[in-house]
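Here is what each chain is made of, one letter per residue.
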Amino acid sequence: MRRIGIDVGGTNTDAVLIDNGEVLRAVKAPTSEDVTGGIIAALSALRAAPAGQGDVDSVMIGTTHFVNAIVQRRSLSPVGALRIGDPVSGSLMPFCDWPGDLAQIARGGVWSVGGGHEYDGRPILPLDEDAVREAAIQMRDQGLTAIAIASIFSPIDADHEQRAAFIISDEIPDAVITLSSDLGRIGLLERENVALLNAALSGLAIQTINAFEAALHQGGINAPLYITQNDGTVVEAATAIRFPVYSFASGATNSMRGAAYLSSIDDAIVVDVGGTTTDVGQLVSGFPRESNTVVEIGGVRTLFRMPELLSFGLGGGSHVCLDPLQVGPLSVGYQLIHDGLIFGGSQLTATDIAVAHGLLDLGNAELLRSINAGTQSAVLAECERLLEEAIDRVKTRAGDTPLIAVGGGAFLVPDQLRGVSDLHRVVHGDCANAVGAAIAQVSGEVDQIFRDLSRTEAIEQATKLATLRALEAGAAEDTLTTIETEDMPLSYLPGNSLRVRVRRVGDVTGS
Amino acid sequence: MSETQELSLDDIESLAVGAWILGTGGGGSPYLGLLNMRQLYAAGHRVRLISPANLDATDTIAVVSNQGAPLVGQERLTDSRNVARAVSLMEEITGVQFQAIMSLEIGGGNAIQPLMAAAHLDRPVVDADCMGRAYPEAQMTSFAVGDLKPYPLTSIDPRGVESVVYKVPTWKWMERVSRKICTEYGSVAATCKAPRSGAEIKRWAIPYTTTKAIEIGSAVRNAQQLHHDPIEAILHVEPGKRLYSGKVTDVERRTTEGFLRGQVTLEGLDDSRGIPMQISFQNEWIVAWQDGTPRVTSPDLICVLNTDSGEAIGTETIRYGQRVSVIALPPPEVFLSVRGLELVGPSAFGYDIPYTSVFAS
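Chain order of the listed sequences is S and G.
The opening position of the first sequence corresponds to residue 0 in numbering that gives the first Met the number 0, with each subsequent residue numbered one higher.
The opening position of the second sequence corresponds to residue 0 in numbering that gives the first Met the number 0, with each subsequent residue numbered one higher.
Everything labelled a hint here was simulated from the structure, so no lab data went into it.
Some clues are possibly wrong.
To be verified - Examples of chain G residues toward chain S, derived with CB under 7 angstroms:
id: 1; residue: Asn35
id: 2; residue: Thr248
id: 3; residue: Glu251
id: 4; residue: Arg272
Claimed, not checked - Examples of chain G residues toward chain S, derived with CB under 10 angstroms:
id: 5; residue: Tyr30
id: 6; residue: Leu31
id: 7; residue: Gln38
id: 8; residue: Leu76
id: 9; residue: Asp156
id: 10; residue: Pro206
id: 11; residue: Thr210
id: 12; residue: Asp249
id: 13; residue: Leu259
id: 14; residue: Arg318
id: 15; residue: Gln321
C-beta atoms are modelled at their ideal positions from N, C-alpha and C, and glycine is treated no differently.
Produce the complete structure using the sequences and hints provided.
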């Protein structure tokens with residue numbers, strides 16, 4: 000099995016070629032404005048040496064392009080939003096809690112029709128199909144093709160969303176429709192917000208992923224393209240085109256997955272120290288632990304499959320202030336090579352301290368003679384304190400944990416940390432993200448309420464459903480494993496109501 | 000009826016933060032109510048607050064709350080028109096006209112319910128409630144302590160289903176029957192409780208809890224902005240006590256009879272290192288233990304707060320690893336009577352222990 004993994008970051012596009020689990024070649028190229036230029040450059044650098052040539056079975060790409068589009072409010076399509084549930088939830092319509100500037104761009108129009116379900120699967124009202132058709136005609140007349148549909152309790156029963164999508168497709172044949180039930184969890188506004196964001200990105204997704212395909216073609220690579228997801232798995236390009244929101248956090252996720260792979264450790268905390276920030280996350284069975292709470296993206300509250308990450312302002316470029324002692328959160332970032340003391344600049348940075356202390360050989364250490372040993376130790380102790388605090392916050396169990404340090408600023412992580420049993424540094428740690436992309440698997444997830452079943456029966460049923468979904472996503476059945484099971488009893492509901500989440504993953508079929 | 004004071008939207012933003020803290024772990028997040036209020040204020044509606052002292056003895060006051068499962072409330076979103084309709088229906092069946100509207104429960108989302116009704120119906124909101132916090136059942140109120148008449152009750156589903164519980168002999172019966180109606184609606188209902196006279200409010204309501212919630216919320220929001228310690232900020236405006244600060248090391252939950260019960264374990268940090276603390280909950284935080292001994296119990300308010308932000312953490316959302324500070328706030332006087340402790344003391348939640356307060360002098 001030969002795979003290429005590519006991670007398109009804000010600054011660099013990293014690419015690796017992996018053959019039977021071994022990293023044969025790793026390269027970096029600057030990310031280009033149009034994204035594809037950087038991919039083409041990285042691919043040609045990868046293929047330039049003999050080790051990087053030959054056929055590949057598949058290409059996995061991770062990109063922050065879509066989340067950046069939301070944060071920067073660019074390349075977004077106006078969305079026709081259909082809410083199903085009228086007259087229930089009628090005072091809080093789609094976009095009601097969005098930041099004004101983003102809503103202005105993304106709100107094509109809002110329609111509300113009768114329908115939706117109760118938590119126990121009873122319909123709130125039958126779906127008002129005439130009203131759906133009327134809404135579809137108005138959307139068409141306004142030229143809207145990016146459509147998002149959210150129905151009350153659609154994670155319990157998606158029938159009304161699916162039926163409405165059918166009617167809208169009938170009236171607007173070129174509509175690109177996002178169903179909230181395909182994306183989110185229980186929590187109408189947050190799930191609907193995910194669907195709205197996804198619909199707003201639908202034009203950009205088609206354009207970007209087609210450009211990826213073209214870049215591969217141009218690079219002479221004839222292999223299926225997969226896109227990496229927030230949970231550390233991949234989907235085929237054709238599926239990824241429909242769900243751009245699922246790649247929002249793929250950069251951090253791929254780093255964590257890559258760290259697990261390169262260290263052969265599946266349960267650990269990962270610290271990814273960059274130039275400006277450090278991301279800390281927890282690996283559970285080789286995957287990042289998922290967030291159970293609301294995650295804001297570009298100021299929009301969402302609740303869906305996202306990794307739980309703690310980010311704080313510590314990196315190689317962090318400003319160091321000596322009186323009072325403070326490291327970060329300000330950073331010189333990519334300007335380190337101009338502003339850092341070792342490069343003749345005037346800003347004392349964490350990298351300068353590391354060089355002075357002999358942790359790293361970079362720039363001109365002669366320029367650091369004024370920094371005495373006591374100062375060096377004090378600054379490094381402060382970095383240690385920040386890291387220990389963050390690691391402790393991310394832990395979900397008491398006791399010491401293994402730690403994997405990756406990223407360009409990993410030299411700031413000391414060998415001994417409180418709460419850490421053993422520290423692992425890995426070869427190719429600076430390309431952990433591209434490695435994480437290359438080794439990604441596919442998954443199936445269920446998050447649903449089960450009634451009047453024992454806990455065991457409910458988990459069994461959820462596992463069956465998750466298996467089905469993983470197989471649909473292209474997993475090889477004999478490689479499937481459950482990586483997450485969680486159950487939560489619910490209050491004030493009759494019967495024995497239990498909310499169960501199960502996630503299963505497996506290798507991509509045929510690779 | 001006289002003097003009222005208009006609430007600004009900023010007051011209501013603070014109310015939402017403070018009410019969540021007074022929710023003592025339950026009561027549901029006030030976020031969706033707050034969204035409703037932002038829209039109503041944007042549309043030009045305004046809400047006025049009236050002190051219970053300024054009510055006439057002969058005034059009639061509507062007491063409102065949203066009933067149901069928090070999870071259902073995340074999909075069937077609170078709609079300001081439903082609670083307004085519950086109040087209007089009560090006027091239709093009783094023939095009275097309400098002079099003001101009041102919250103059943105200042106803790107959690109129900110703090111905002113009277114404001115929503117008031118915005119639509121243009122009546123003032125009484126600066127009071129009858130729990131002083133959140134409690135899980137209808138009989139856990141100061142009105143039940145006063146043995147006030149528990150009926151009638153109106154209950155609204157926006158599909159045009161409107162129910163009246165005309166008569167029940169006890170508050171416990173009201174809880175049973177109204178809960179059944181709520182379940183049939185889909186486990187969410189906007190309700191208007193038994194109308195109260197101005198005299199009853201003056202005698203039995205817990206006064207000034209709306210302004211209390213606004214003050215707490217405002218203290219937390221200011222501290223957040225200035226990067227001050229939000230916990231200290233709360234204790235500056237409330238005569239509370241800091242009990243513990245630590246990290247959640249275990250959460251155990253189960254549902255029985257429709258209630259979320261369980262226990263969290265905290266491991267101490269800073270001044271609290273050493274003996275771990277356990278807090279038992281039934282929807283709300285009920286007993287905090289150390290060394291197997293109750294340190295504080297309901298009706299003292301046990302508030303578990305995010306140490307960094309000062310915002311409340313609910314019993315449904317608390318999880319391993321969170322940094323929390325536990326504070327106690329003094330209970331309303333009315334619950335310290337024999338009858339009060341019967342209704343909301345530890346025994347009402349199945350604990351065979353005496354009421355333990357950190358405020359006993």
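Cross-check of the supplied hints:
no. : hint   : verdict
1   : Asn35  : holds (6 angstroms)
2   : Thr248 : holds (6 angstroms)
3   : Glu251 : violated (11 angstroms)
4   : Arg272 : violated (14 angstroms)
5   : Tyr30  : holds (9 angstroms)
6   : Leu31  : holds (7 angstroms)
7   : Gln38  : holds (7 angstroms)
8   : Leu76  : holds (4 angstroms)
9   : Asp156 : holds (8 angstroms)
10  : Pro206 : violated (29 angstroms)
11  : Thr210 : violated (26 angstroms)
12  : Asp249 : holds (9 angstroms)
13  : Leu259 : holds (4 angstroms)
14  : Arg318 : holds (7 angstroms)
15  : Gln321 : holds (9 angstroms)
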